[in-house]
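Going line by line, the protein sequences match chains A and B. Numbering follows the working numbering, with no gaps: position 111 of the first sequence is 139. Numbering follows the working numbering, with no gaps: position 33 of the second sequence is 326.
Source of the hints: derived by calculation from the structure; they are not laboratory data. Treat the hints loosely; a few may be bogus.
[What the hints assert, rightly or not] For lysine to aspartate or glutamate, the following DMTMM-like pairs were computed, each having C-alpha atoms within a straight-line distance of at most 20 Å:
hint	chain 1	residue 1	chain 2	residue 2
1	A	K77	A	E91
2	A	K105	A	E43
3	B	K350	A	D122
4	A	K84	A	E43
5	A	K80	A	E43
6	B	K350	A	E91
Computed from a predicted structure; not experimentally measured.
What follows is each chain in one-letter form.
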Amino acid sequence: GDSVTQMEGPVTLSEEAFLTINCTYTATGYPSLFWYVQYPGEGLQLLLKATKADDKGSNKGFEATYRKETTSFHLEKGSVQVSDSAVYFCALKDQGAQKLVFGQGTRLTINP
Amino acid sequence: EAQVTQNPRYLITVTGKKLTVTCSQNMNHEYMSWYRQDPGLGLRQIYYSMNVEVTDKGDVPEGYKVSRKEKRNFPLILESPSPNQTSLYFCASSLQGVGNSPLHFGNGTRLTVT
Numbered sequence: 029g030d031s032v033t034q035m036e037g038p039v040t041l042s043e044e045a046f047l048t049i050n051c052t053y054t055a056t057g058y059p060s061l062f063w064y065v066q067y068p069g070e071g072l073q074l075l076l077k078a079t080k081a082d083d084k085g086s087n088k089g090f091e092a093t094y095r096k097e098t099t100s101f102h103l104e105k106g107s108v109q110v111s112d113s114a115v116y117f118c119a120l121k122d123q124g125a126q127k128l129v130f131g132q133g134t135r136l137t138i139n140p
Numbered sequence: 294e295a296q297v298t299q300n301p302r303y304l305i306t307v308t309g310k311k312l313t314v315t316c317s318q319n320m321n322h323e324y325m326s327w328y329r330q331d332p333g334l335g336l337r338q339i340y341y342s343m344n345v346e347v348t349d350k351g352d353v354p355e356g357y358k359v360s361r362k363e364k365r366n367f368p369l370i371l372e373s374p375s376p377n378q379t380s381l382y383f384c385a386s387s388l389q390g391v392g393n394s395p396l397h398f399g400n401g402t403r404l405t406v407t
């Protein structure tokens with residue numbers, strides 16, 4: 029079945045550091061890919077998405093490129109801020125499915 | 294304000310005592326869904342509903358029931374809770390299905406079953 033694997037956390041960085049959170053997936057069809065962010069005590073919010081190969085999703089300085097050849101959708105940001113501290117989830121939606129399949133989440137902490 | 298509202302935020306109960314977690318959205322969304330979040334497992338779908346009176350099982354439906362009598366409400370019912378249902382639960386909605394429009398999540402219900 030479909031699955032998503034994220035890099036193990038937690039990840040701790042200093043402010044203005046470069047961020048990469050790795051995400052790889054397995055899917056039977058041609059999925060859409062998503063990154064969601066969860067701030068403490070809140071529900072998940074959509075951060076960005078990509079619906080086909082080579083698409084780049086971007087939002088709030090975060091980017092991720094849909095790489096079909098490596099089945100990956102790594103999240104990057106050039107200069108993180110303390111306010112980026114949260115849990116990040118990679119997810120996919122396969123064709124015809126009515127659910128998101130989530131990775132296990134990566135907790136990110138940014139120190140000033 | 295557009296939102297998905299879950300109640301209660303925290304709930305502690307005992308094995309076998311029936312409970313309901315409510316979920317309501319004010320965005321006229323057709324699609325609603327329940328997920329549970331467990332450490333190391335991410336979120337897994339319990340049930341979903343494409344519209345009023347239409348519900349379907351997700352990946353982990355055992356021990357749960359849902360109903361969709363009105364468009365705005367999608368309660369999650371645990372008829373006889375067990376300790377393995379201790380988890381963080383999220384309700385989510387979207388305008389039309391998953392992926393076509395963004396999923397909006399509630400703030401979660403932390404359930405402990407002793």
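Outcome of the hint check:
{"no.": "1", "hint": "K77(A) - E91(A)", "in the structure": "9 Å, holds"}
{"no.": "2", "hint": "K105(A) - E43(A)", "in the structure": "12 Å, holds"}
{"no.": "3", "hint": "K350(B) - D122(A)", "in the structure": "16 Å, holds"}
{"no.": "4", "hint": "K84(A) - E43(A)", "in the structure": "24 Å, violated"}
{"no.": "5", "hint": "K80(A) - E43(A)", "in the structure": "32 Å, violated"}
{"no.": "6", "hint": "K350(B) - E91(A)", "in the structure": "33 Å, violated"}
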